[in-house]
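Going down the list, the protein sequences come from chains A and B.
Going letter by letter, the first sequence gives residues 1 to 348 in our numbering.
Going letter by letter, the second sequence gives residues 1 to 348 in our numbering.
These are computed hints drawn from the structure, not numbers from a lab.
Among the clues, some could well be false.
Identical copies go unnamed one by one, so any copy, or any two together, can satisfy a pair.
Okay, derived cross-link-like pairs now, DSBU-like style, lysine-lysine, Cα gap no bigger than 35 angstroms in a straight line [said to hold, decoys possible]:
no.: 1; residue 1: K26; residue 2: K306
no.: 2; residue 1: K26; residue 2: K321
no.: 3; residue 1: K49; residue 2: K335
no.: 4; residue 1: K335; residue 2: K51
no.: 5; residue 1: K335; residue 2: K190
no.: 6; residue 1: K308; residue 2: K141
no.: 7; residue 1: K141; residue 2: K252
no.: 8; residue 1: K232; residue 2: K141
no.: 9; residue 1: K51; residue 2: K228
no.: 10; residue 1: K26; residue 2: K232
no.: 11; residue 1: K306; residue 2: K220
no.: 12; residue 1: K228; residue 2: K26
no.: 13; residue 1: K26; residue 2: K49
no.: 14; residue 1: K321; residue 2: K141
no.: 15; residue 1: K26; residue 2: K339
no.: 16; residue 1: K264; residue 2: K335
no.: 17; residue 1: K232; residue 2: K321
Protein chains: 2
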Amino acid sequence: MIEDKNPQRTSIAQLGEFGLIDHLTKHFEINQPSTLKGIGDDAAVLDFKDKKAVVSTDLLVEGVHFDLAYMPLKHLGYKAVVANVSDICAMNAKPTQITVSIAVSNRFPLEALEDLFAGITHAAKEYNVDVIGGDTTSSQKGLIISITALGEANAADIVYRSGAKENDLLVVTGDIGAAYMGLQVLEREKQVFQVNPNNQPDLDNYTYLIERQLKPEARKDIKDLLEKLEVKPTSMIDISDGLSSEVMHLCKQSNVGCTIYEEKLPLDPQLISVCEEFNIDSTTVAINGGEDYELLFTIAIEDFDKIKANPNLTVIGHMNKETEGKHLVTRANQKIELKARGWNALEE
Amino acid sequence: MIEDKNPQRTSIAQLGEFGLIDHLTKHFEINQPSTLKGIGDDAAVLDFKDKKAVVSTDLLVEGVHFDLAYMPLKHLGYKAVVANVSDICAMNAKPTQITVSIAVSNRFPLEALEDLFAGITHAAKEYNVDVIGGDTTSSQKGLIISITALGEANAADIVYRSGAKENDLLVVTGDIGAAYMGLQVLEREKQVFQVNPNNQPDLDNYTYLIERQLKPEARKDIKDLLEKLEVKPTSMIDISDGLSSEVMHLCKQSNVGCTIYEEKLPLDPQLISVCEEFNIDSTTVAINGGEDYELLFTIAIEDFDKIKANPNLTVIGHMNKETEGKHLVTRANQKIELKARGWNALEE
Chain A
1 MIEDKNPQRT SIAQLGEFGL IDHLTKHFEI NQPSTLKGIG DDAAVLDFKD KKAVVSTDLL
61 VEGVHFDLAY MPLKHLGYKA VVANVSDICA MNAKPTQITV SIAVSNRFPL EALEDLFAGI
121 THAAKEYNVD VIGGDTTSSQ KGLIISITAL GEANAADIVY RSGAKENDLL VVTGDIGAAY
181 MGLQVLEREK QVFQVNPNNQ PDLDNYTYLI ERQLKPEARK DIKDLLEKLE VKPTSMIDIS
241 DGLSSEVMHL CKQSNVGCTI YEEKLPLDPQ LISVCEEFNI DSTTVAINGG EDYELLFTIA
301 IEDFDKIKAN PNLTVIGHMN KETEGKHLVT RANQKIELKA RGWNALEE
Chain B
1 MIEDKNPQRT SIAQLGEFGL IDHLTKHFEI NQPSTLKGIG DDAAVLDFKD KKAVVSTDLL
61 VEGVHFDLAY MPLKHLGYKA VVANVSDICA MNAKPTQITV SIAVSNRFPL EALEDLFAGI
121 THAAKEYNVD VIGGDTTSSQ KGLIISITAL GEANAADIVY RSGAKENDLL VVTGDIGAAY
181 MGLQVLEREK QVFQVNPNNQ PDLDNYTYLI ERQLKPEARK DIKDLLEKLE VKPTSMIDIS
241 DGLSSEVMHL CKQSNVGCTI YEEKLPLDPQ LISVCEEFNI DSTTVAINGG EDYELLFTIA
301 IEDFDKIKAN PNLTVIGHMN KETEGKHLVT RANQKIELKA RGWNALEE
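Please model the complete structure; the sequences and the hints are all you need to start from.
In structure tokens, the structure reads:
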């Protein structure tokens, strides 16, 4: 499906470990005032001054988290950064640095790694994070990417998962479910391609869904938006593993229950029509599909007026007493219990 | 070679990703005042106050960096932490936190991961670092461990690779080469075992070498020692990839050359006798063998009197003009050019 437009193959073993690292990291710029020393010593040195440091880490494994049959390496590099930056955004903090470690099998030529690092560099520029360290080594099989993201925030601005209160409104940014359906479309095209490699896929009707899957963005804008609206969320999390799974984290750590209204879920029109085409229930997709990298947060009910007109934010329900449980209220006004069916990397 | 003393096997898929993470991380304690929030949110929150933060990261891959045939998982967990903590020590900083991400194939039962985490927990306690985050996922093949270590230091105390000056003395802590020879002994025993599994290895003559390979320690004591001796190194690096490779990093980043004296290299008597047994030149081992996790640093020549009596520190040479090159002076007073032949993870 992905044509090899670059027939040149340079063996990474030729360069050696240090040569490879030098080659791949030479384009990284340092732009954050908190970065005193980036790549090139035993460790990077950072100065967060009176701000708190926020640290998150993620491990992405080929064949588990991504499939190179339809995920171009440049997009993969970009997405790997986005997934980590999103965790920093979910603390209401500003992403500032990342470290990037990769392990690759010898089947990857240098040109493939250059593509991967081009995506990482592009994302680092887009999100204004400095690449301050990492490690490059070989793997027994496939590609593994480990990223650690750092950010900074004033102590008073940081939002945890544990602050939601009964009656708080539950708010989601953007729309949800599209990344999951994008993956379904790509999986189908992969199968078509395997049957007939000459088949040229027509993906015009799926552009938004595919973009959400292949080039998602982290909501770095939300911190500023909420500041402008003068709203501080009481709890927050990012939606990487699916809405139902994430809202249950908020409930568990805040000791509350929740009620979500099916009719309030923000779905893109393309998602709805493609769900129909695939004969999949769009609510199920919106609730359980992961990788949207939107933010889910709670606000005090008094703050409703401040956010209600904003097109980026949708109130999808509210928190309630823990003893009242966690429910989805359907369009037919049925109350069904929420189950976390988010993505589980350990399932076979 | 490693007997399976625990026949119980619990599938990690049964627990699920969050269950597994809860299970493995419940014993981690928070002891550092700079850790405001550890595991359990989108990110950890740290407060370094007026200190600088120091960050380093490493990726360890089964079959590339370690062999589970002779590396018990508990030792592996311990060593993975040590390798990262050592990078923080090499900045003359105090290790404070780590994140630990692992990817495992389904052949690993829960009990194996418990062993790995027991080693990580033991090291975290020994080095007084808080485990503040991580990720646990499945791999296509083998075990992958990604650790990011954080530390703190006063700006004035941090030592970079780039500060060495002409005529500075080159100092190494402890002794070198033993970890490499420990690996050779283990490799030999593995081959003996493969030929005859009933053969019981007698490792009494190799205990020190094997311990250096299987349970190395990072030199967290050196920062305090140097403070007590009132010496601030001009440059520093840890010896993970071999002395020759590491000294060349110091030379390159400090724009100097160096002269190392063969007769000064600190070798353990056991290393010398086992090198004879294996018919390997002990100097070659001391210069090129990695994984000792000792520190290599330079000091101003005026500071020599302060360190000369210390049994932990050995002056092995000095820095010189860059144009004079990098040399080893042999016992026969021959001057041979140093070549970095340190370990390269990308070689086949």
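To see whether the hints hold, each was checked on the structure:
1. K26 - K306: Intra 45 angstroms, inter 40 angstroms, cutoff 35 angstroms: neither.
2. K26 - K321: between (54 angstroms within a copy, 27 angstroms between copies)
3. K49 - K335: neither (49 angstroms within a copy, 49 angstroms between copies)
4. K335 - K51: neither (44 angstroms within a copy, 52 angstroms between copies)
5. K335 - K190: neither (38 angstroms within a copy, 61 angstroms between copies)
6. K308 - K141: For K308 and K141, the Cα distance exceeds 35 angstroms both inside one copy (49 angstroms) and across copies (49 angstroms).
7. K141 - K252: Classified as between; 34 angstroms across copies, 37 angstroms inside a copy.
8. K232 - K141: For K232 and K141, the Cα distance exceeds 35 angstroms both inside one copy (45 angstroms) and across copies (44 angstroms).
9. K51 - K228: both (20 angstroms within a copy, 32 angstroms between copies)
10. K26 - K232: Result: close only across copies, 31 angstroms inter versus 39 angstroms intra.
11. K306 - K220: Within one copy only: 20 angstroms inside, 52 angstroms across.
12. K228 - K26: neither (38 angstroms within a copy, 39 angstroms between copies)
13. K26 - K49: Both: 28 angstroms inside a copy, 31 angstroms across copies.
14. K321 - K141: Classified as neither; 48 angstroms inside a copy, 45 angstroms across copies.
15. K26 - K339: between (47 angstroms within a copy, 24 angstroms between copies)
16. K264 - K335: For K264 and K335, only the intra-copy Cα distance (14 angstroms) is at most 35 angstroms; the inter-copy one is 78 angstroms.
17. K232 - K321: The answer is within: 21 angstroms in one copy meets 35 angstroms, while 59 angstroms across copies does not.
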